[in-house]
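Dock chain B against chain A, hints included.
There are 2 protein chains.
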Amino acid sequence: MIVGIESGGTKTLCAIADSHDAATPIRVERIPTTTPAETFGRINSVIAETLGTELPEAVGIASFGPLNTNPDDEHYGWITGTTKPGWAFTDVLRHLGTGDAPHAFVTDVTGSAMGEATWGAARGVERVAYATVGTGIGVGFVAGDHVLGGNGFPEMGNILVRRHPRDDFEGSCPFHGDCVEGLASGPSVIARWGASGSELSAPDREAMTEIVGYYVAQLISIVTYTLGAERVVLGGGVMHTPGLLDSVRWQFDRIIGGPGAGHGLTQDSTEYIVAPALGERSGVLGALALAQRTLAAQSPLPAA
Amino acid sequence: MIVGIESGGTKTLCAIADSHDAATPIRVERIPTTTPAETFGRINSVIAETLGTELPEAVGIASFGPLNTNPDDEHYGWITGTTKPGWAFTDVLRHLGTGDAPHAFVTDVTGSAMGEATWGAARGVERVAYATVGTGIGVGFVAGDHVLGGNGFPEMGNILVRRHPRDDFEGSCPFHGDCVEGLASGPSVIARWGASGSELSAPDREAMTEIVGYYVAQLISIVTYTLGAERVVLGGGVMHTPGLLDSVRWQFDRIIGGPGAGHGLTQDSTEYIVAPALGERSGVLGALALAQRTLAAQSPLPAA
Chain A
1 MIVGIESGGT
11 KTLCAIADSH
21 DAATPIRVER
31 IPTTTPAETF
41 GRINSVIAET
51 LGTELPEAVG
61 IASFGPLNTN
71 PDDEHYGWIT
81 GTTKPGWAFT
91 DVLRHLGTGD
101 APHAFVTDVT
111 GSAMGEATWG
121 AARGVERVAY
131 ATVGTGIGVG
141 FVAGDHVLGG
151 NGFPEMGNIL
161 VRRHPRDDFE
171 GSCPFHGDCV
181 EGLASGPSVI
191 ARWGASGSEL
201 SAPDREAMTE
211 IVGYYVAQLI
221 SIVTYTLGAE
231 RVVLGGGVMH
241 TPGLLDSVRW
251 QFDRIIGGPG
261 AGHGLTQDST
271 EYIVAPALGE
281 RSGVLGALAL
291 AQRTLAAQSP
301 LPAA
Chain B
305 MIVGIESGGT
315 KTLCAIADSH
325 DAATPIRVER
335 IPTTTPAETF
345 GRINSVIAET
355 LGTELPEAVG
365 IASFGPLNTN
375 PDDEHYGWIT
385 GTTKPGWAFT
395 DVLRHLGTGD
405 APHAFVTDVT
415 GSAMGEATWG
425 AARGVERVAY
435 ATVGTGIGVG
445 FVAGDHVLGG
455 NGFPEMGNIL
465 VRRHPRDDFE
475 GSCPFHGDCV
485 EGLASGPSVI
495 ARWGASGSEL
505 SAPDREAMTE
515 IVGYYVAQLI
525 SIVTYTLGAE
535 RVVLGGGVMH
545 TPGLLDSVRW
555 QFDRIIGGPG
565 AGHGLTQDST
575 EYIVAPALGE
585 RSGVLGALAL
595 AQRTLAAQSP
605 LPAA
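Those protein sequences? They're chains A and B, same order as listed. Here the first sequence is numbered in our numbering, starting from 1 and rising by one per residue. Here the second sequence is numbered in our numbering, starting from 305 and rising by one per residue.
Only chain A is shown next, with the shape it has when bound in the complex (with noise of 0.2 Å):
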């Protein structure tokens, strides 16, 4: 039996799956995050719940950061300097009572993009990315068996942006104001508009999807001009909001210039650039594919 956990800022999701059927755990708990003490303690209880004394054969990790997760690092498997209450440098899989079980540990948009690549929206492409548009604005990377990661790293949250021309809003990030996140995020489009993208009505969802849909534009525009993506899916709360994903997808065939404008991107946006098929559960089941290839790595091959 193999483990995978998605720990959010407000939620924490834990899944237990048979490392043979990955894809359908037996289990799923849905845990609020609260202390770290708390938290890990009832995921270590569901653990134990479920399997009794054995230990998981492998556990993937999918957190909320940022992270450290250079493995020759003393603070490996810390989330480091978060401004959640309580949860500043803490260290994470010490509180996971999984002892020694093999384990693998990244980012939360890192564990939807693997979870996406392999069950979901971006099955069978090679090279995926998963941006998240919600409280906070995060990119992960996956290519096949590789997950691009590091110490803070990607955290494509903090990219200076070129600025809408119908938008002054100062921005609402506390360290750059208007970078990506400050200016497409969640609390940013509260604080224009008064409400979120879905609450809104005639003009101003119009003038918020066209805002926000040319900030994530390019954003996306970079992700495939740096690291060659096949695949973007795009989640998060506030892509929720209607049509907020068609808007992304013109402005971004507008900022590259269509297929042949000195790239090698040939697809149609529609097929680019999608929706989650996992819903809620993108990050958890990334967290179990994880786990389930760190056991595969450490098993010797059957003979072909």
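Do not take every clue at face value.
If you only want the chain A side, here are some residues facing chain B, beta carbon under 10 Å, derived [claimed, not checked]:
#: 1; residue: 141
#: 2; residue: 146
#: 3; residue: 222
#: 4; residue: 257
Covered stretches of chain B (in silico footprint by chain A; criterion: 3 or more residues with CB under 8 Å from a CB of chain A, positions within the stretch not fixed) [claimed, not checked]:
#: 5; segment: 454-468
#: 6; segment: 519-527
#: 7; segment: 547-561
Hints were generated in silico from the structure; no laboratory data involved. Don't be surprised by glycine CBs; every beta carbon is placed ideally from N, CA and C.
Just chain B now, with coordinates in the frame of chain A:
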């Protein structure tokens, strides 16, 4: 003996070295880049003169692009849709008379990143970007033995950057107008100020270093946030402009907000953003370094 080739838009360098002493090649030839047949004919002559009837043990090729670097593709080893006359859809590997010698085939800036990481300004650093700001703008990235790249990416010259408030130039990129290449490349400098950066006097030089520096600093911030670079080597003809490197550094610091501003970068920008140490040989020495690594990967390891 191993061979390294850097194929540029105007000149090609071909270096031959002992595989145990690749940093100090026994021969480096500079060949004008004319037609594919003539250019590779001269490269093949240089190799044959030096090695006689022996084939090289390994070959590294760092070429201008766009390139097909996907080994699974039928057009692997080709320069694809370049605007350089006579070079579109050139099968580089077939033109080279090195038979079945193991080889590496990467973009010119990837070669430069590998050269500077192995023997130059980023020696001993794990995650190294090389950005060129010249006739075009491009970024190469290496992390240890791992090279970022594939079909037509990275293609970071196309990225949209935030406009400097004092710059109303429409941009010189034929595809995207005012992408970073359209705003900060050598041709864009000449279009705005009538001369290259090195030839300008005050006040045009001050304007040029501030405006171009702002765009290059944004590009480097994107490399930082996306790829987690630990050092960025900044080359290309435009970077010879006095004062430009300093301008890039202080604007980079302002954009990222200093250590702790929501990202993992803690280095002083004077150590983080540096000039190349290998001059015009970054690329060809990188090609030799790649040949050396390719050879090492093919050989049985000596007993420990």
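Evaluated hints:
1. 141: 9 Å, holds
2. 146: Holds, about 8 Å.
3. 222: Check passed: Cβ of residue 222/A comes within 6 Å of chain B, closer than 10 Å.
4. 257: 5 Å, holds
5. 454-468: holds (count 14)
6. 519-527: holds (count 4)
7. 547-561: That given contact holds, which follows from 3 residues of the segment 547-561 of chain B lying within Cβ reach (below 8 Å) of chain A.
In terms of the numbered hints stated before, the structure departs from none.
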